[in-house]
Each structure stands twice: as structure tokens, then as C-alpha cells.
Amino acid sequence: MKITGPSNRIPSANQIQPIQTASSRTSHQQPKLAAPHTNQPQHHIESSASATSDISFGFLFCGRLSFTTQINNRVNVCGGTEFTPADLARKNSLINRQLERDKIEMKRTLKILLLGGPECGKSTIFKQMKIIHLNGFSDLDYVNFRYLIYSNIMQAMDQLLDAAEMFHFPPDDSPSIRRALNHYRSYKIRYSMSEVELNRELTESLQKLYHSEFIKAVLNRRNEITLLDSATYFLDDLDRISAHEYKPTQMDVLRSRVATTGITEIEFPFREATLRMVDVGGQRSEQRKWIHCFDNVNGVLFIAAISGYNLFMDDEENRQENGQPGKTNRLRYSMELFKRIANHQCFSKKTAMILFLNKIDIFKEKIPKYPLTSCFKNYKGASSLEPAAKYVADRFTRLVSGDIQHEKPVYSHYTNATDTRNIDRVFDSCMDVVFKISMEKVGFIYS
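Quick note: the sequence shown, position 329, residue 329 per full-length UniProt numbering, numbers continuous.
Calculated directly from the structure, the hints in this document are not laboratory data. C-beta atoms are modelled at their ideal positions from N, C-alpha and C, and glycine is treated no differently. The reader is advised that the hints may include incorrect statements.
Here are the in silico distance ranges between beta carbons for each label pair [unchecked claim]:
| no. | residue 1 | residue 2 | range |
| --- | --- | --- | --- |
| 1 | Ala243 | Gln345 | 17 to 25 Å |
| 2 | Ser192 | Thr226 | 15 to 23 Å |
| 3 | Lys380 | Arg190 | 53 to 61 Å |
Taking lysine-lysine pairs in the DSBU-like style, the calculated list, with each CA pair at most 35 Å apart, reads [stated by the list, open to error]:
| no. | residue 1 | residue 2 |
| --- | --- | --- |
| 4 | Lys216 | Lys327 |
| 5 | Lys369 | Lys436 |
| 6 | Lys390 | Lys436 |
| 7 | Lys436 | Lys350 |
| 8 | Lys436 | Lys364 |
| 9 | Lys339 | Lys408 |
| 10 | Lys327 | Lys247 |
| 11 | Lys339 | Lys327 |
| 12 | Lys436 | Lys377 |
| 13 | Lys369 | Lys339 |
| 14 | Lys349 | Lys339 |
| 15 | Lys216 | Lys380 |
| 16 | Lys364 | Lys247 |
| 17 | Lys339 | Lys380 |
| 18 | Lys216 | Lys377 |
| 19 | Lys369 | Lys390 |
| 20 | Lys350 | Lys339 |
| 21 | Lys390 | Lys349 |
| 22 | Lys350 | Lys408 |
| 23 | Lys208 | Lys327 |
| 24 | Lys339 | Lys436 |
| 25 | Lys130 | Lys436 |
| 26 | Lys408 | Lys364 |
| 27 | Lys188 | Lys247 |
| 28 | Lys408 | Lys130 |
| 29 | Lys216 | Lys369 |
| 30 | Lys364 | Lys380 |
| 31 | Lys377 | Lys339 |
| 32 | Lys216 | Lys390 |
| 33 | Lys208 | Lys364 |
| 34 | Lys339 | Lys390 |
| 35 | Lys369 | Lys208 |
| 36 | Lys380 | Lys327 |
Let the sequences and hints guide you as you build the complete structure.
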């Protein structure tokens, strides 16, 4: 498995021609050449001529960057070995041919950008790409996922207990439930999320709370609260997950949740090209980093959780009079974000815009109980999957300007990010669009 990023692309040995330094240096040296402007990290290999020389040359390599050469006369280096302008010209010709080959290879690399708001399932799709195209995860990855799942279980129980207080559901009047609640709370005080171990006593406390009447009452209204999508999945399986020899399954990994921070990239071969997929954190504090990823993008996969139509999130930018964060509808927030992205001037005619309306499985479960009018007051259709989902897709599409829609329509898909076969099929269809739109730029015929 190969995971690459812009910060660690180091040229291979056959890309860098060795440059020998002068055997003796004096205080009088030629000035160094200015490197071409680039946003990539820079690795320099430079040579300084002696005081009697009037040649200076510098090569700048960062994967596949250009170089500059300045020749005024012959130079004497390394104890008498001479390089004439003709020698250097031949070397330059070889390097130019290699750079041209690299340039052709770069044209066959397609950049796919994953964008979306908080908790939309974007990183789950990123994990699916590693499973489908990069043979999954290492043993060390699975160890890290194990402890992430432990913290997800604690987070889910916190959310259920907070919801019980919000709904005014008192804990069961039972000594065993009181003991379980006290033990859980004292454990939370002693250990941070990253230190959680599902020992026998903690597991028993979690199971007692999960099966208590007041938590069952909360779960009956789970579609009204913010709760990890994987909450019941993990809590239903505490015996397996708390076992000493527990190793997460592939589905456990897909169900695990951590907020993405920073920029993560993977590269993998796909048909005639190499796909470079970039996942950027969806939290508000991370969105300022998005602009740094907008150059040379072949396709944008925007992920929106369609199931969030009746849920709200804290809005730090619009505080209430009492100083508390305001509340913003999650789906409406995704729509505003999509509007800004889809109409952004950085994305050219060669950038495919693809919308994933994710968590369609949860939407299907919720829509008969919670009408779409909780988000769209003008909706007149039935409270069933197909008309409601189509209405949401149309509302997203109408956010894109007519000129852009005429040049390149938005392609919408309904997805369940934890369903590997669904994501594999939908992603394959999306790449048909990306390949066709990028055909001229990529430089090879799509079939």
C-alpha cells in the first residue's frame, strides 16, 4: 500500500543528476539562482564555483519540478575535471527528456477532492477507497481503530445520557443502574477518551445502562437527537468488542468515527490513470484550508448527509443574545456549503462536480416518521423515499448557476458510505464522468 502526500514526494535517485562541488572554496562565490515559485516543499542541490570561474548552476527538484541553468564559461571542479558548455548541454537534454516523460505521467494523474460538512460520511468514503483500491489497512491501523472504537462507544453513551437529561428521562430507580451510572461517570473523570480500555467492570456498566428503560426511551427518539450513526451498532456488540483478543472487522472500521483534521491524500491506479484523492477536514475550523487544495482539480465529490434534514448543529458564527451558539439545520448548512463550492471560480470547465447525498439508508428509515417539511416548508410530496430524495437532489442542483450547469451539469447519487458494493459501483460511475470531462487535459482517449 502506497500513501503519498505533497510533503513527502522526494525524487528518486535516477531523477537527480549528481553535482560535484568545487574542491576549494573562497569567500567570493557566485550568487545562487532564484528558484521558480512553487507551493510545493523545496529540496535544493546546488554547486558553487571557484573565484576564477564565471559559471553558476542550480537544480531544483521536488518530484517533477523544472530547473534553471546559467552558463557563461567552462568551470573547473573536483580537482581538474572540466565540464564544457557542450557537456552541460547534453546533461540538460537528458534531464529535459526525463522531465517531459514525468510531465506526461502527471497528465495521467487525476486529482479528486472530497469535500463536505461535519459528520457527512466523507472520511468513510475515503476509507472505502483504501479498502477497494489499496488492500485495506495495516496491523498498526487496526490497533488504532480498536482504541478509536472504544472512544466511540464512550462518546455514544455520553450522547444518550445527555439526551436523557434533555428529554427529562430520569434514570431507572434501581440500585444496579445507579451503581453502573456512578462507575461510568467516575471512570470518565479518571481517564481521557484516548486512555479507554473496555475492562470487565466498565463493559458491565455500559451494558446495564444501554439496556435500562430510560436509555431505551431515548433510543425511541434517536432521530430527534445528534447521535453517532454507529452508536447502536457498537453498543449491541459490547461482548465481542470488549474481548481481550478483539480485532476490528472491516465493517467496524467503516463504522468508526473521528473528526478529520488537516489534509489526507492517497494515490491508487484506476483504469489508464492514477487517482490522487484528497480528503480535507469538514469542520468549520478546517474549511479555511480548502482553498489550498483547489488547484488542478479534475473532480469534486461533495458529500452531504441527506439524513440531517431534521437535525441541527451549533452555529458559532451566529450566537444568540445569551451568548450561546445559534442552531443551524444540518442539511441547510450543507446546501450553503455546496453552493459556495459548486460556483467557485477556481473550478474550471474541466472539473467534474459530483454530489453524494449520503446516509440514504437512515433517510429511508426517518422520512415516514419525520416529514421533509421540517426542513423545506414548501414541500408538498409524499413522506416516502423516492419523491422526498428527488426533491432534495433538485434543491441542491438549483443552487448551481445556469451558466455552469450548461457547461457541466451536477451529477447526483444516493449513497450509503458503509456499503462497500454501493460505493464501488457509484464511484465507478462517477469516474466515467471525470474521465470524459478531463479527456483533453489528461491526453489519452477514454473508452
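Taking the hints in turn, this is what the structure says about them:
no., hint, result
1, Ala243 - Gln345: 17 to 25 Å, "violated (54 Å)"
2, Ser192 - Thr226: 15 to 23 Å, "holds (22 Å)"
3, Lys380 - Arg190: 53 to 61 Å, "holds (54 Å)"
4, Lys216 - Lys327, "holds (26 Å)"
5, Lys369 - Lys436, "violated (41 Å)"
6, Lys390 - Lys436, "holds (25 Å)"
7, Lys436 - Lys350, "holds (9 Å)"
8, Lys436 - Lys364, "holds (32 Å)"
9, Lys339 - Lys408, "holds (15 Å)"
10, Lys327 - Lys247, "violated (39 Å)"
11, Lys339 - Lys327, "holds (20 Å)"
12, Lys436 - Lys377, "violated (38 Å)"
13, Lys369 - Lys339, "holds (29 Å)"
14, Lys349 - Lys339, "holds (17 Å)"
15, Lys216 - Lys380, "holds (33 Å)"
16, Lys364 - Lys247, "holds (31 Å)"
17, Lys339 - Lys380, "holds (24 Å)"
18, Lys216 - Lys377, "holds (31 Å)"
19, Lys369 - Lys390, "holds (18 Å)"
20, Lys350 - Lys339, "holds (18 Å)"
21, Lys390 - Lys349, "holds (26 Å)"
22, Lys350 - Lys408, "holds (9 Å)"
23, Lys208 - Lys327, "holds (33 Å)"
24, Lys339 - Lys436, "holds (24 Å)"
25, Lys130 - Lys436, "holds (24 Å)"
26, Lys408 - Lys364, "holds (30 Å)"
27, Lys188 - Lys247, "holds (24 Å)"
28, Lys408 - Lys130, "holds (29 Å)"
29, Lys216 - Lys369, "holds (18 Å)"
30, Lys364 - Lys380, "holds (18 Å)"
31, Lys377 - Lys339, "holds (20 Å)"
32, Lys216 - Lys390, "holds (33 Å)"
33, Lys208 - Lys364, "holds (30 Å)"
34, Lys339 - Lys390, "holds (18 Å)"
35, Lys369 - Lys208, "holds (29 Å)"
36, Lys380 - Lys327, "holds (25 Å)"
Violated hints for the displayed structure, listed by number in ascending order: 1, 5, 10 and 12.
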